[in-house]
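Sequence order for the protein chains is A and B. Heads up, my numbering is the position in the first sequence plus 5, with the first residue counted as 1. Heads up, my numbering is the position in the second sequence plus 154, with the first residue counted as 1.
No lab work stands behind these hints, which were simulated from the structure alone. None of these values were measured; they are calculated from a predicted model. The reader is advised that the hints may include incorrect statements.
What the hints assert, rightly or not - In silico DMTMM-like cross-links for lysine to aspartate or glutamate, where the CA-CA straight-line distance does not exceed 25 Å:
no.: 1; chain 1: B; residue 1: K230; chain 2: A; residue 2: E70
no.: 2; chain 1: B; residue 1: K219; chain 2: A; residue 2: E70
no.: 3; chain 1: B; residue 1: K230; chain 2: A; residue 2: E66
no.: 4; chain 1: B; residue 1: K219; chain 2: A; residue 2: E66
no.: 5; chain 1: B; residue 1: K230; chain 2: A; residue 2: D43
no.: 6; chain 1: B; residue 1: K230; chain 2: A; residue 2: D74
What the hints assert, rightly or not - Chain B side only, calculated, beta carbon under 8 Å to chain A, not exhaustive:
no.: 7; residue: T167
no.: 8; residue: E175
no.: 9; residue: E177
no.: 10; residue: G181
no.: 11; residue: G201
no.: 12; residue: S202
no.: 13; residue: Y204
no.: 14; residue: P205
no.: 15; residue: K209
no.: 16; residue: R227
no.: 17; residue: T229
no.: 18; residue: S233
no.: 19; residue: A244
no.: 20; residue: K246
As the list claims (entries may be wrong) - Computed beta-carbon distance windows for the label pairs:
no.: 21; chain 1: B; residue 1: E175; chain 2: A; residue 2: F84; range: 33 to 43 Å
no.: 22; chain 1: A; residue 1: E28; chain 2: B; residue 2: R240; range: 23 to 33 Å
no.: 23; chain 1: B; residue 1: L176; chain 2: A; residue 2: R85; range: 35 to 45 Å
no.: 24; chain 1: A; residue 1: L92; chain 2: B; residue 2: R240; range: 40 to 50 Å
no.: 25; chain 1: A; residue 1: K97; chain 2: B; residue 2: R239; range: 50 to 60 Å
no.: 26; chain 1: B; residue 1: E175; chain 2: A; residue 2: E53; range: 34 to 44 Å
no.: 27; chain 1: B; residue 1: R239; chain 2: A; residue 2: L92; range: 19 to 29 Å
no.: 28; chain 1: B; residue 1: Q221; chain 2: A; residue 2: R8; range: 36 to 46 Å
Glycine included, every Cβ here is placed at the ideal spot set by N, Cα and C.
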Amino acid sequence: MRRLQQLLLTLRAILFRSRVEREMEAELAAHLDAEACDLASHGLDPMEARRRAAATMGPVELIREECRDSRGTAFWDHFRHDTLFGLRLLFKNRTFAAMALATMALAIGSTTAVYSVFDGVLLRPLPFAAPERLYLADYLNLRGHFDVMRANSRLADYASYIGLETFNMRGSGFPERIQGAQVSANFFRVLGITPQFGRDFSSDADRAGAAHTVILNHAFWQQRYGARRDVLGQELVLDDVSYQIAGVMPDRFQFPSPDAAFWIPMTLDPTDIGAYWGISVCSTIVRLRDGVTRKAANAELRGWTPRVHGMFPWRMPDSWGVDIHLAPLRDEIVAGVRERSLLLMGAVALVLLIAIVNVANLMIGQTAARRAEFALRVSLGATPGRLARQLLTESLLLSVTGGILGTLLAFALLAMLKDLLPADTPRLAEVSIDRAIILFAAALSLGSGLLFGMLPAWRARAAVPAESPRTTHSRMGLRTDAALVTAEAAFATILLVGSGLLLHSFWTMLHVNPGFRVESVVTAQLSPDRTVTASLDKTVALSQAVREKLAAYPGVQSAAAMSHLPLAPDMAASSCAIEDHPRPPGAPQYVLWTTAVTPEVLDTLGIRLLQGRGIAAADTKTSDPVVLIGRTMAEKFWPNASPIGRRVRMVWEDRWRTIVGVVDNVKEYSLNGTPDWVDGDIYLPLTQATATPPNLALVARVANDPSALEQSLPNLTRQVCPTCAVSQIARMGTIVSAAAAAPRSLAWLVGGFAFIALVLAAAGIYGVVNHGVARRTRELGVRLALGASPSQVAWLVVQSSLLQVIAGAAAGLAASWALARLIASLLFGVGRHDPVSFLLPPVVLVAIGLLAGLLPMLRAARIDPAASLREG
Amino acid sequence: MSKSPTLVQGTLTLLILKILELEPRTGWAISQRLRQMSNETLQASHGSLYPALHKLETEGWIRGKWQQSNGDRPTKIYSLTPAGRRQFAAEKAQWAKLSSAINGILESV
Numbered sequence: 006m007r008r009l010q011q012l013l014l015t016l017r018a019i020l021f022r023s024r025v026e027r028e029m030e031a032e033l034a035a036h037l038d039a040e041a042c043d044l045a046s047h048g049l050d051p052m053e054a055r056r057r058a059a060a061t062m063g064p065v066e067l068i069r070e071e072c073r074d075s076r077g078t079a080f081w082d083h084f085r086h087d088t089l090f091g092l093r094l095l096f097k098n099r100t101f102a103a104m105a106l107a108t109m110a111l112a113i114g115s116t117t118a119v120y121s122v123f124d125g126v127l128l129r130p131l132p133f134a135a136p137e138r139l140y141l142a143d144y145l146n147l148r149g150h151f152d153v154m155r156a157n158s159r160l161a162d163y164a165s166y167i168g169l170e171t172f173n174m175r176g177s178g179f180p181e182r183i184q185g186a187q188v189s190a191n192f193f194r195v196l197g198i199t200p201q202f203g204r205d206f207s208s209d210a211d212r213a214g215a216a217h218t219v220i221l222n223h224a225f226w227q228q229r230y231g232a233r234r235d236v237l238g239q240e241l242v243l244d245d246v247s248y249q250i251a252g253v254m255p256d257r258f259q260f261p262s263p264d265a266a267f268w269i270p271m272t273l274d275p276t277d278i279g280a281y282w283g284i285s286v287c288s289t290i291v292r293l294r295d296g297v298t299r300k301a302a303n304a305e306l307r308g309w310t311p312r313v314h315g316m317f318p319w320r321m322p323d324s325w326g327v328d329i330h331l332a333p334l335r336d337e338i339v340a341g342v343r344e345r346s347l348l349l350m351g352a353v354a355l356v357l358l359i360a361i362v363n364v365a366n367l368m369i370g371q372t373a374a375r376r377a378e379f380a381l382r383v384s385l386g387a388t389p390g391r392l393a394r395q396l397l398t399e400s401l402l403l404s405v406t407g408g409i410l411g412t413l414l415a416f417a418l419l420a421m422l423k424d425l426l427p428a429d430t431p432r433l434a435e436v437s438i439d440r441a442i443i444l445f446a447a448a449l450s451l452g453s454g455l456l457f458g459m460l461p462a463w464r465a466r467a468a469v470p471a472e473s474p475r476t477t478h479s480r481m482g483l484r485t486d487a488a489l490v491t492a493e494a495a496f497a498t499i500l501l502v503g504s505g506l507l508l509h510s511f512w513t514m515l516h517v518n519p520g521f522r523v524e525s526v527v528t529a530q531l532s533p534d535r536t537v538t539a540s541l542d543k544t545v546a547l548s549q550a551v552r553e554k555l556a557a558y559p560g561v562q563s564a565a566a567m568s569h570l571p572l573a574p575d576m577a578a579s580s581c582a583i584e585d586h587p588r589p590p591g592a593p594q595y596v597l598w599t600t601a602v603t604p605e606v607l608d609t610l611g612i613r614l615l616q617g618r619g620i621a622a623a624d625t626k627t628s629d630p631v632v633l634i635g636r637t638m639a640e641k642f643w644p645n646a647s648p649i650g651r652r653v654r655m656v657w658e659d660r661w662r663t664i665v666g667v668v669d670n671v672k673e674y675s676l677n678g679t680p681d682w683v684d685g686d687i688y689l690p691l692t693q694a695t696a697t698p699p700n701l702a703l704v705a706r707v708a709n710d711p712s713a714l715e716q717s718l719p720n721l722t723r724q725v726c727p728t729c730a731v732s733q734i735a736r737m738g739t740i741v742s743a744a745a746a747a748p749r750s751l752a753w754l755v756g757g758f759a760f761i762a763l764v765l766a767a768a769g770i771y772g773v774v775n776h777g778v779a780r781r782t783r784e785l786g787v788r789l790a791l792g793a794s795p796s797q798v799a800w801l802v803v804q805s806s807l808l809q810v811i812a813g814a815a816a817g818l819a820a821s822w823a824l825a826r827l828i829a830s831l832l833f834g835v836g837r838h839d840p841v842s843f844l845l846p847p848v849v850l851v852a853i854g855l856l857a858g859l860l861p862m863l864r865a866a867r868i869d870p871a872a873s874l875r876e877g
Numbered sequence: 155m156s157k158s159p160t161l162v163q164g165t166l167t168l169l170i171l172k173i174l175e176l177e178p179r180t181g182w183a184i185s186q187r188l189r190q191m192s193n194e195t196l197q198a199s200h201g202s203l204y205p206a207l208h209k210l211e212t213e214g215w216i217r218g219k220w221q222q223s224n225g226d227r228p229t230k231i232y233s234l235t236p237a238g239r240r241q242f243a244a245e246k247a248q249w250a251k252l253s254s255a256i257n258g259i260l261e262s263v
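Whole structure, please, built from the sequences with the hints as guidance.
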């Protein structure tokens, strides 16, 4: 009760300060009245009574001050006073205020925006119930294996999904391509989420013969169905199969991808041996039951591996399943972007540090100009602590205002950032600036205010009244200036080296030879309906018809079809045996990147034939099976002999395929090259494909402007196949460029931060040199009067700053040398100690330093010695 | 606080609490009572009473209430809170102990 009263009174004294003051005045006045009245009633003259009353009262101003003190709000009163004073000061020095505020707003804004991404992608728990209990079973990706674990686990619930797949959606008119995910029937239940309305899949929805149901993505439902509630029970035809709409998921549910327009149950049919045990596509999510540790669930999962091994309808390698383990689901989802996010966070943190140094610099310039004021205050009784506090309040005022502006800016910057980041960044849609992020920005503002306020505040403590107001600099002041410039140059160097490495690497990637023609090639994806894809013959016939249609189009020089494009996201690895290279028993076979093509592909895409022959029209379903291999594979397996005539075999087939040709390397997998686990590239005739490709990639080389063909493509294919969907019409250049999307966005973002850093560093150096000239006007005047030439004087003012820049750049280079290790894995074709990236930044910084010092240098050279001596 | 040399540190608090124990009063009435009770020996300047009152109020031992009596200016009446009552008892006991101890020392010499 008493505590509460205390708190209320203190709060009241802070919040209703003027009212409390008025009451105090009234109370003191009432006392005077009463005393005067009393004295008058004893016969004193009213005027005399008043005088006497005032005399017994004591010094009113002192009483007021003591009353304020006894309220316990002196702290706040000082704060208020300092804030008002600071505001007046900022208003007076508008250039300084504008520069400091702009710097802080930019720095806090970008840090907040990047942090919101960092936090939203890497740190936040997944938006599911009890997300800490969700794991991904790494390397568990066979439906059969999943089915066994789901049925038998006592410690955890297993669910499964197959990432995005594309379907032909039949509406009115021509079919459209649409992406969706196949999931196990218990998928939503295991994630702990229910449809916003409608119902979840029934528990046997993933069994063969179950009714076909579909659950819609919220955004898709809004766009496609106008958010109508009566969609439940309606039909959605996907790849010629009719699904009944069972429900709509809530807005925030976007797993495994925001691009999944719907979810349909996967089929778990043990009698379909190929699909059940053979095709490794699904991902398995594991939710630990109450009180179960990851270790226990892991042990259970691994304990089942030998038993599952025995269930396969064929013999699996002995090493199968040894890598299976549980990994936290969130870490798995964001694994690919962890390094990039950390790098961006580091880059923006450096920008923030430079900004803080800059503002500290500006503040020091300001306080130096106010030395006379401080000396006066100290001689009037201000304690050094009080002065320091005033300066800290002023810097906090700056940083908080800058922080508010920065937070507003962060909203705009985040929108930009979302556009700049690669579209496949996981969880990007979840990222937003919410209360937690705003709190972060607030903490950041206060923290940086304290940081850049500390130096000037510390230096203000040294203000002594004995020091004449004319003394304008101290040794310590020079030392701090030097340290600030050096630090700024060091931070900027680190950013410049980092962005240099990334930009150089990106440039190298853009100029890498992909092994195929990029210019004047138009591509598209053709998705036939199931009546076609059910038979390889029909698909081949379709490909020929479409190819001929394309080839006949004016300006088309060559056209071809293939199972998938180079650099496409499709998974095209096959397990193969290679003649002359038997694997030890139990070891897995070789993995070869496999593309099925029509004969014209080499010509259309300009892939060079190095040995033997290409694929010919004579290679048909019934002729001897043939295959082309890539150069690297030829060199790896037959280094001193010709591979022509050797054979390879798909592990699930009996027939061997004869190598008839070697082609030059093509960047099939990514511009970075082929991953370790792929042993080579092979090309089969489409007529002899191992399975019917669900889609065909069309490629056409044109002599003229490709846009005419791009526009006519849908019509041309419909003339041949009205039930085929055409999508992803794009030029090859666009596809190659998209393959470099992640390095591009990283290079641009870090480059952008480096640019901001450079501008800030230039402003900082300008400030220090300028301040130095102002401080040394008298000294420089003397030098000029004694015969120094203007150019000598100009050099003098910039000399020390330049040395500091060089020292900072050296320190920054040393730090970069060590830090480069951290981004080595993000680099391509560029060593982490790439000389260009390391040599350029110091040169740029020194140039910028000179440029920034140019104006003050000119001013120094133009000092009129006589005038400066008179003024001094 | 501007202290009169005749007022030992802390005694003003004790006296204010004592005066308010009997009945709620205004600041001026407290100062009047202070003078009467001590036969004018305790000569605190009247003004110094107010910081002390505000301090006691902030501590939660007394509570000030603005009252308007017919047509006059509103005046602030202080009264003792239950916490103040306990504080008074404690301080009184403390004072008794202290003064008897000092008396004992003075008499023994």
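For each hint, the structure was consulted:
1. B:K230 x A:E70: holds, 19 Å
2. B:K219 x A:E70: holds, 22 Å
3. B:K230 x A:E66: holds, 20 Å
4. B:K219 x A:E66: holds, 24 Å
5. B:K230 x A:D43: holds, 18 Å
6. B:K230 x A:D74: Holds, at about 19 Å.
7. T167: violated, 12 Å
8. E175: violated, 17 Å
9. E177: violated, 17 Å
10. G181: For G181 of chain B, the interface hint holds, since the closest Cβ of chain A sits about 5 Å away, which is under 8 Å.
11. G201: holds, 4 Å
12. S202: Holds. Min distance 6 Å.
13. Y204: Since chain A brings a Cβ to about 6 Å from Y204 of chain B, closer than 8 Å, the hint holds.
14. P205: Check passed: Cβ of P205 of chain B comes within 4 Å of chain A, closer than 8 Å.
15. K209: Holds: closest Cβ of chain A sits about 4 Å from K209 of chain B, inside 8 Å.
16. R227: Status holds, d = 6 Å.
17. T229: holds, 5 Å
18. S233: violated, 13 Å
19. A244: violated, 13 Å
20. K246: violated, 19 Å
21. B:E175 x A:F84: 33 to 43 Å: With a Cβ separation near 38 Å, E175 of chain B and F84 of chain A satisfy 33 to 43 Å, so the hint holds.
22. A:E28 x B:R240: 23 to 33 Å: At 27 Å between Cβs, range holds.
23. B:L176 x A:R85: 35 to 45 Å: About 39 Å separates the Cβ atoms of L176 of chain B and R85 of chain A, which means 35 to 45 Å holds.
24. A:L92 x B:R240: 40 to 50 Å: For L92 of chain A and R240 of chain B the Cβ distance comes to about 45 Å; the hint holds.
25. A:K97 x B:R239: 50 to 60 Å: holds, 54 Å
26. B:E175 x A:E53: 34 to 44 Å: With a Cβ separation near 35 Å, E175 of chain B and E53 of chain A satisfy 34 to 44 Å, so the hint holds.
27. B:R239 x A:L92: 19 to 29 Å: For R239 of chain B and L92 of chain A the Cβ distance comes to about 46 Å; the hint is violated.
28. B:Q221 x A:R8: 36 to 46 Å: violated, 26 Å
In summary, the structure is inconsistent with hints 7, 8, 9, 18, 19, 20, 27 and 28 from the numbered list given earlier, while agreeing with the others.
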